[in-house]
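Visitor: Residue numbers (our numbering), protein chains in the order written: chain A, 1370 to 1481; chain B, 1370 to 1481; chain C, 1370 to 1481; chain D, -18 to 381; chain E, -18 to 381; chain F, -18 to 381.
It should be emphasised that the hints constitute simulated quantities derived from the structure, not laboratory data. Values in this document were obtained by computation on a predicted structure and should not be read as measured data. Just so it is clear, CB atoms sit at the ideal spot from N, CA and C, and this is done for glycine as well. Please note that the accuracy of each hint is not assured.
Pair by pair, the computed Cβ-Cβ distance ranges are [claimed, not checked]: (1) A354(F) / K1412(C): 38 to 44 Å; (2) G230(F) / G1410(A): 35 to 41 Å; (3) G163(E) / T1452(A): 17 to 23 Å; (4) Q380(F) / S283(D): 17 to 23 Å; (5) A1418(A) / V343(F): 28 to 34 Å; (6) L381(E) / E1437(C): 36 to 42 Å; (7) D1391(A) / A1426(C): 51 to 57 Å; (8) T1473(C) / L381(E): 33 to 39 Å; (9) G322(D) / V351(F): 46 to 52 Å; (10) G357(D) / Q380(F): 52 to 58 Å; (11) L1392(B) / V356(D): 31 to 37 Å; (12) K1412(C) / L1392(B): 24 to 30 Å; (13) A354(F) / G1410(A): 42 to 48 Å; (14) K170(D) / D1479(B): 34 to 40 Å.
Here are the chains, one letter per residue:
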Amino acid sequence: MKKIEIIVRPFKIDDVKEAIADLGLRGMTVTEVKGFGRQGGHKEVYRGAEYQVDFIAKTKIEIVVEAERVPEVLEAVRNSALTGKVGDGKIFVTPVEEVVRIRTGETGPDAI
Amino acid sequence: MKKIEIIVRPFKIDDVKEAIADLGLRGMTVTEVKGFGRQGGHKEVYRGAEYQVDFIAKTKIEIVVEAERVPEVLEAVRNSALTGKVGDGKIFVTPVEEVVRIRTGETGPDAI
Amino acid sequence: MKKIEIIVRPFKIDDVKEAIADLGLRGMTVTEVKGFGRQGGHKEVYRGAEYQVDFIAKTKIEIVVEAERVPEVLEAVRNSALTGKVGDGKIFVTPVEEVVRIRTGETGPDAI
Amino acid sequence: MNAADTSFILICSALVMFMTPGLALFYAGMARSKNVLGTIMQSFVMLGLVSIIWAVIGYTLAFGDDIGGFIGGMNFFALDGVGMDTLNSPADNLPHLLFMVFQGMFAVITPALITGAFAERMKFKSLLIFSSLWIIVVYAPMCHWVWGGGWMGERGALDFAGGAVVHMSSGAAALAACLVIGKRKGYGKQSFIPHNLPMTLLGAGILWFGWFGFNAGSALAANGVAANAFVTTHLAAAAGLLGWLLVEGIHGGKPTTLGAASGAVAGLVAITPAAGFVTPMAAILIGFGGGIICYGGILLKSKFKYDDSLDVVGIHGLGGTWGALATGLFASVGAEGLFYGNPEQLWIQLESVICTWGYCFVVSWILLKVIDATVGLRVTEDEEIIGLDVAEHSEAGYQL
Amino acid sequence: MNAADTSFILICSALVMFMTPGLALFYAGMARSKNVLGTIMQSFVMLGLVSIIWAVIGYTLAFGDDIGGFIGGMNFFALDGVGMDTLNSPADNLPHLLFMVFQGMFAVITPALITGAFAERMKFKSLLIFSSLWIIVVYAPMCHWVWGGGWMGERGALDFAGGAVVHMSSGAAALAACLVIGKRKGYGKQSFIPHNLPMTLLGAGILWFGWFGFNAGSALAANGVAANAFVTTHLAAAAGLLGWLLVEGIHGGKPTTLGAASGAVAGLVAITPAAGFVTPMAAILIGFGGGIICYGGILLKSKFKYDDSLDVVGIHGLGGTWGALATGLFASVGAEGLFYGNPEQLWIQLESVICTWGYCFVVSWILLKVIDATVGLRVTEDEEIIGLDVAEHSEAGYQL
Amino acid sequence: MNAADTSFILICSALVMFMTPGLALFYAGMARSKNVLGTIMQSFVMLGLVSIIWAVIGYTLAFGDDIGGFIGGMNFFALDGVGMDTLNSPADNLPHLLFMVFQGMFAVITPALITGAFAERMKFKSLLIFSSLWIIVVYAPMCHWVWGGGWMGERGALDFAGGAVVHMSSGAAALAACLVIGKRKGYGKQSFIPHNLPMTLLGAGILWFGWFGFNAGSALAANGVAANAFVTTHLAAAAGLLGWLLVEGIHGGKPTTLGAASGAVAGLVAITPAAGFVTPMAAILIGFGGGIICYGGILLKSKFKYDDSLDVVGIHGLGGTWGALATGLFASVGAEGLFYGNPEQLWIQLESVICTWGYCFVVSWILLKVIDATVGLRVTEDEEIIGLDVAEHSEAGYQL
Ligand SMILES: Nc1ncnc2c1ncn2[C@@H]1O[C@H](COP(=O)(O)OP(=O)(O)O)[C@@H](O)[C@H]1O
Ligand SMILES: Nc1ncnc2c1ncn2[C@@H]1O[C@H](COP(=O)(O)OP(=O)(O)O)[C@@H](O)[C@H]1O
Ligand SMILES: Nc1ncnc2c1ncn2[C@@H]1O[C@H](COP(=O)(O)OP(=O)(O)O)[C@@H](O)[C@H]1O
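Next comes chain A alone, as it looks inside the complex (with noise of 0.2 Å):
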């Protein structure tokens, strides 16, 4: 099992989900975040004072999927979540041991 964790821009949450559902998967856990990156921050002004704000809000989305499902995960994510200007997000894919469905105890592939 694998889980593919993907940082997009927020308001195309709605767009990687659809396009995650189409692949028959249920099951993702999302937070919100704040990214620094290569894409610029922005300048904020409070009475004559200025910050200078590095972090961007962005979406985080976990996804846990048996491994041989990751390629078509990352192509539906890739699709979904591309507007090709700097601040697009990463995917970073990374192992998962054991996974157990609290309901039911279910383990392994039959817990997600």
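Mind docking chains B, C, D, E and F with the ligands on chain A? Use the hints.
Guide: Chains B, C, D, E and F with the ligands only, in chain A's frame:
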């Protein structure tokens, strides 16, 4: 060392925390997340416009423990987070290669 | 490739960011989290009812880097996040098997 | 008609109206985030529901020609004969319509006060039914008894601006409601922490502001009595605030912001029946006592193990009771209390306290039991977990 | 000069002023989080911009010596001859300056109402230009026509507190604005969910509160007419609230908090032209109708596929129109409508509706087109994505 | 007694009271999230603390029989002889109690204004001690000098509604406070970004609204002077708003929402001493100048490296000073300034400015030093990091 990542219903967080503390573990990191899964979402309506909200508030708990303690943690978490209804959540176990305690610089099992 | 996950005190985030940027790394993802650990929580009181709040605001930083850069990042993070008091936080290092930059489709070291 | 008084009461009516959205925020800030809208709605909807009921039937029940000291007749049904001039106006210096609407604003906020008792678990539909009936069978009679020529006023009970009519009545109904509806799921186990205290403080600020219309306006004229009521109101709120903070400190804790807001409201409740009858210095004592007594009041619920979610019994019930009795002690302006040589007044006040609690508690309890047995009072367990906002209103409070 | 009336209108002016920050919150709560400040600003800045324009030129265009029924002369330019006494004051019981500033508060809120139509995408600079010109070429003439001695008032059109001058005019301008500026990026695809409904409810509470100054104050005296307008305003708001909730229920959904707030505002809009001319019972019908009609009004935008972001057309345009016609039906206090034997009034009202919509829509449309072609109306796509707060004001609303 | 004036000042007193919760929100929105309640509390508690002190001792020190031009006697101690009629009332058209409470509302907000200077780091206990003493040794004398028959008023200094008494005095105390208490931990290194600007904007709206009670109410009658003060107040706020936005633009940035709110407050501060003495057109200049000068004022703190957290010195200190001098330039209504042929007035104003700054700064500084040396002014470093909400009040602002 392993990281145990647990997605549970938000109101279960105190129960899970206590179950884990009962094992003598005093360390975890908690994140508010939104989950998409088998559990149905709900409808929201604003001035006659309907929106289907598929994401449901969940809480993610991350606990890093020595590998041999994983089974007892899984057990404790399952028992404390269980309601038996769809949406109880998942547990993912992933490998951790190194741990450092910032304060002391300790590494490995000593650091947690 | 490795993912370095760092839990620090919220007001340390700018220092850590700069320390990492000084290493020439320009990429990280930040999440607001709550931590439970050795550091004591605090009491809150609402109309005479007392609540013990064990969770403390922390900030999680995730940085994906090439494996050989891990030691210098650990060093930089520790120095910049240190106050020496209980609650400074932890660093976890975990394996990453693949990285994709959504914008370009680049993978591996090129993608970060 | 007196133009200056009319000018004053027009604005006071607006001020009292503003208290209901203020109360909505005061309460909603103490609820959990998932119930913020449901809690606001329970107060806000009274502005719609009760205003109409009042104009159609409530006003005439309260201020129509007296029937046996108990209820008003139908002569002002649907505002018949309630006009732009002072004809038949209980306040002959004010347009009759203005007197009616000023009174109507009191009717609006009273059932809104009750909602704090069953916050976070009441069915919206049942709330509407309960409040509609309650206005007719509890509020209108109470109002008639005290201000509309009914028996309580006739016996000499002093209630300047609604200690019995508004606060004790809602407090008694609140007690009935907690007992009938039961505790919130998880109460005592999970944390029920206010989700937005700045909202509560804003609400308290609005309440304090509007209360000047409530109490000073109850002089029904822009005169010295109004000025006195204004001052007593302000000083009692101030003293209530300090009193609550003091007990918090003595009770081993820190002075809290929610305590400051609660204490101010406690002081305001306590001074309400007394506002026009006591001196400013007496008001300080009454308010200070209010802050301390209501702090005690909120501790009762842990003792007796009922879930009065936002402390309506503790603050409005007890605060109103203390205020009514204190009026019997301290009255010295246009009436005399015990400390001014008239012990009888205290007995009259005590009688009014007992009758108000008794009547309002019993009738509210019956209403609630009947509704519970028919429509059901409470949302389902799943709805309670998901929260009233989504479950009852298909909405979410925040998308920050 | 009448001191009681002066007292009343001084406070009413303050109440109407308070409506603009109230509107800012009402609107901003419905916007998305990244546009919260931009949305507040679009209303709040009118307090600065329009107040000055009004004092310098707007007031004299509206209330200066009539020129051909169409516009006021320059005799009050820069408040020349507008003094502390009643000299030349259109209301001879009030200091002339007071009449001026009371009217000025109406001028401030009207362009603020329009901003709901193009929320979340309008350039701030262009907004300032548009609003400045609009006050001069749309609002001031409209105000003159109706209240300043112009043709519409002369023909007998009834508009007690601004159904045409404030609500229809802003509704018509809003329609022009949605058409010219186009939809928000992602409209219809992404979710445009209100980010902070408690803020919207607070705004609604402030609006309701301030509206008493608006409508009762339009009697320009603390008398029976003011009392009647106060009551009709309150009951129409109440009925509008209930009406909207009812349709929501019938339409297959749940009663919503946003619906309660929207319905109350709809009722307030609908009663505005009628407030001093109808009875309280008629006001209930008008308000109830307002709630239902405006609910229908907001559905139009999905039908005709324009993006009137915060429903200015649906609520102010349609509500104001209904109110103007309803005045022609129900007027019975100091004027007669159809139901009181005077069908002609309805025709006069209809004429005023058509002329108001026609004039305001066309002139607003031209203004917007010209600004679009020169300065540009709309922020860039990137700015729209990042949000007005950062893009136009270098600020963020929340750091929670 | 004049009923119309009584009606007006009753409501104005309520409006001024409402400014303190408004200020609490205005300030708290600019604080960081962990200090939101602590910041609200520092203002809100004044409603309790100062109200009582004022009634007991403050009022008599300010308005009791003059002792040597410096302070009032004890004849009104604990409101002795301050009654419902006009007997001994400094305003013989108003109930004495009403005059007292109207003045009391000014006393409440003044120390609340100071709290902006030491926001996010002051011990709550020390705040209570400081404010209590400050009201007695700084505010009451200042008030006596200017309005209570003391030397400053006798010398002819013009201060219509509190440029010296309220704004310069709090500004000077604020400067002393920043110097004594020192910077916030991390100031200049970490970002100190407002946590909730919509809250600040709401606060600004409430302040603007309440300021009509403050300034127009200072006419103490519902007459032409009140109308003029109302108009000058509104136009100065409007012009201040525009002035600030303009400088922001010229200074190379974008017009900000916080700037709009700050500019409006700056304009309101600047017009306060002048409100009843100048024409509306002069008010526009004064307000506009206020916006620009106060923008400059807030830049001073970076120059001189003190941490005036919420810019009390920059806005109230400088704005009040500008307003006092501007009164000496522009006065033309019931008094004459330099531009109306009376250069002497400017000197008198200058003298009052210097004496006010001098007295208030020195005495505040001594008070603060003494408290610091005994009880300590500042929370510990750990408490500052965790935030005042938890550290000083055992509460959290938000659970969203
Ligand atoms: N090395 C990294 N580790 C963790 N997150 C990263 C890393 N690099 C980038 N990110 C995340 O990806 C987001 C996009 O990266 P950025 O460099 O701005 O653009 P792009 O993905 O187009 O190269 C960042 O905002 C950050 O959240
Ligand atoms: N494949 C997955 N990857 C990541 N998170 C998942 C996955 N499947 C489910 N989740 C998380 O677990 C939660 C519960 O899952 P759900 O399918 O609704 O119920 P159950 O756990 O009872 O089967 C989801 O809301 C989501 O947060
Ligand atoms: N075993 C663990 N797994 C996950 N997170 C942990 C663990 N132990 C500690 N943490 C995180 O690190 C933070 C700091 O830990 P704590 O024990 O309070 O202090 P210290 O790091 O100084 O030992 C905690 O608040 C929590 O977020």
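Visitor: Would you list, in rising numerical order, the hints stated earlier that this structure does not obey?
Guide: 1, 2, 7, 10, 11
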